[in-house]
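For reference, the chains in residue letters:
2 protein chains.
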Amino acid sequence: MAVTEQQAPAATAGMSSRDQADQPASLVVRFGPDQPLVLDSGGRIDHLQIGYQTYGTLDGNRANAILVCHALTGDQHAANRNPVTGKPGWWDMMIGPGKPIDTDRYFVICANVVGSCMGTTGPASTNPATGRPYGLDLPVITVRDMVRAQAMLLDHLGIESLFSVAGGSLGGMQVLQWAASYPERVFSALPLAAGARHSSQNIAFHEVGRQAIMADPEWRNGRYLEAGTSPRKGLAVARMAAHITYLSDEALHRKFGRNLQDRDKPTFGFDADFQVESYLRHQGSSFVDRFDANSYLYVTRAMDYFDLAAEHGGRLANAFKGSRTRFCVASFTSDWLFPTSESKTVVRALNAAGASVSFVEIESDRGHDAFLLDEPELFSTVRGFLSSAAEARGIR
Amino acid sequence: MAVTEQQAPAATAGMSSRDQADQPASLVVRFGPDQPLVLDSGGRIDHLQIGYQTYGTLDGNRANAILVCHALTGDQHAANRNPVTGKPGWWDMMIGPGKPIDTDRYFVICANVVGSCMGTTGPASTNPATGRPYGLDLPVITVRDMVRAQAMLLDHLGIESLFSVAGGSLGGMQVLQWAASYPERVFSALPLAAGARHSSQNIAFHEVGRQAIMADPEWRNGRYLEAGTSPRKGLAVARMAAHITYLSDEALHRKFGRNLQDRDKPTFGFDADFQVESYLRHQGSSFVDRFDANSYLYVTRAMDYFDLAAEHGGRLANAFKGSRTRFCVASFTSDWLFPTSESKTVVRALNAAGASVSFVEIESDRGHDAFLLDEPELFSTVRGFLSSAAEARGIR
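Protein chains in written order, with our numbering: chain A, 74 to 469; chain B, 74 to 469.
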């Protein structure tokens, strides 16, 4: 049998992230070797598995499907309790009955990306050829590969055309890739806090994270799962460095300033004297409980390689030539990882391609992470854009 | 004998950084236990050693001395070939005959800061009490402690009043501390690319670096020198993360963009495919050859603790009350580590204190490191400010 479908096992908070790679607490589809995922690198995945979730109901015309794309360390659990952390889904405020992505009206699909560790094939998955985790034997993945895998999932689900694709950060990159790779399958697109390429500074921060992981002797050249070790310290340092880039200077100042942690005066030592240190250490140590270090290498690398213009002869507008997709591009004023200028480059290319595009720069001091947070202007933008597009498509 | 003075041994490029801690290739003064350095932490250093360099000639009135203060990983070799790296001094373009800090006219002193590793007492120095390197037995140091030690050096050199104090980044913090701690000894002051406190974001980046070092098992709880190991990987990661903050997004884009390193297309792997990765790895690996990991902990910590307003009842203007020092504050447009807003806070406090201050924001796309680079507007600012102050002080 070429394809097997598995219903989600009952999710209980506190499941191990390690178990999720092969047996995720979500819907799963497994493709046979007759349907390999052919990769940009020239490699292929012969037994592709995709972990995904859905919310809402597909309408009779199969016309109301929205694909939601997650960011670097996100997963398919966009709007349900996360089986590993026990926390609400990462876009719980955005997706649900009556919410901006209204599940009373739309059918929402969210799939874990290839290379990740929550049920879609990634370096922590068992390689059927060896019975061991892939580790670094998994070929390097690109954003286009992630999108190709999602297209296979949609084919499997019998969804020819998406009403919309939406996502922030790496999710926004996937949105742009979808619009470029499958324009006829995308009615509308919402790339948020993203850009059409990864900048030099962003590659640099990712490289610091990867070097931190690979410097940890417990990484064991990527074979830590078999060795029974874990590069916890290296992965925590990688997360700490990255986390700073997700916030803004203002947000850190407002949240922590120079406040001391549970003490009246400095200890004159190397403990976490400052609240911001304590917060960062917590971010690092809690991350390692839910994410695979090799997946961190793969997914950051996919982002680094992303350059939509380069895929289209160096001219970004070519990526959207003749597109009939309706775009809504949004950025945040204090986002310095994907600053407004990157979104404007996308908007200019869409204009040059004659595409339909609206653009909004949302005032927020919360940095890149704003797309995940309670931002009323973001919610009203998404709600309004989707409603208007739904009307155009005849979705009630 | 309370004080011993040592002339510089002949410097040959390629000397080990390890040797510099106790026997630097520079001038050295050693204070006896009758002149301890009393520290903000309550601790003290009983056998303080200071490595320093001088350029130019002290005039008959002892009125033309300029103290130059170095940044986090700088040293006393401001304007001579560095004995470890063999490269020109870090402010070679700024200091010398006919240069903005003109050694035909001024007598320049630059001392390695306490906690560093190039000849002034730091964690790599031999603790006279044990005969072993201090390691983490050295008390934590503050910027005020660094400045206190410099004042001891000036006393030793018979210099009562400085014509000027100048420096960028941590050097600029020292300048501000000098003006606050010893206002009567500072005729003029040039804090560049600095601020009166370390921001929450800056503390966060430092904490990432420290965690990277301490995560390296070769760090051995700070006792790596005796163990014959070195936390090279951790220190390299710390340097890589920090280095990104010294540049600007624009500078990285201009220098590297998304260019590949010695290849036509990506390798789809985790090698340094991009030039910016290769550059960063080089920055990391060359740094560990010249800097001590524990010193990195101490000096970053001193910067984190710096908060001049907090030292003065929470009101920065109090730090400069009644000051007769002439200030010239400068920032760079693309510096996001010490943005212009931090300099403006200093300027406002100086205005509120009724001090004499000029302020210039220099247009540059090179980020924080601009203060070390060939920036004509910086040079003309320093030259002009010093000339005018020299006239006021009667220096020919």
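None of these hints come from the bench; they were simulated from the model. Hints are supplied without guarantee of correctness; some may be wrong.
The list treats identical chains as interchangeable, and a pair is accepted whether it falls inside one copy or across any two copies.
In silico EDC-like links for lysine to aspartate or glutamate, alpha-carbon gap of 16 Å or less [claimed, not checked]:
| id | residue 1 | residue 2 |
| --- | --- | --- |
| 1 | Lys160 | Asp119 |
| 2 | Lys417 | Glu257 |
| 3 | Lys338 | Asp438 |
| 4 | Lys172 | Glu233 |
| 5 | Lys417 | Asp438 |
| 6 | Lys338 | Asp119 |
| 7 | Lys328 | Glu464 |
| 8 | Lys160 | Glu233 |
| 9 | Lys160 | Asp177 |
| 10 | Lys338 | Glu78 |
| 11 | Lys338 | Asp210 |
| 12 | Lys160 | Glu323 |
| 13 | Lys394 | Asp119 |
| 14 | Lys338 | Asp113 |
| 15 | Lys338 | Glu384 |
| 16 | Lys417 | Asp113 |
| 17 | Lys328 | Glu78 |
| 18 | Lys417 | Glu434 |
| 19 | Lys338 | Asp165 |
| 20 | Lys328 | Asp175 |
| 21 | Lys338 | Glu323 |
| 22 | Lys172 | Asp92 |
| 23 | Lys328 | Asp438 |
| 24 | Lys328 | Asp92 |
| 25 | Lys160 | Asp380 |
| 26 | Lys172 | Glu450 |
| 27 | Lys338 | Asp92 |
Q. Hint numbers the structure violates, sorted upward?
A. 1, 2, 3, 4, 5, 6, 7, 8, 9, 10, 11, 12, 13, 16, 17, 19, 20, 21, 22, 24, 25 and 27
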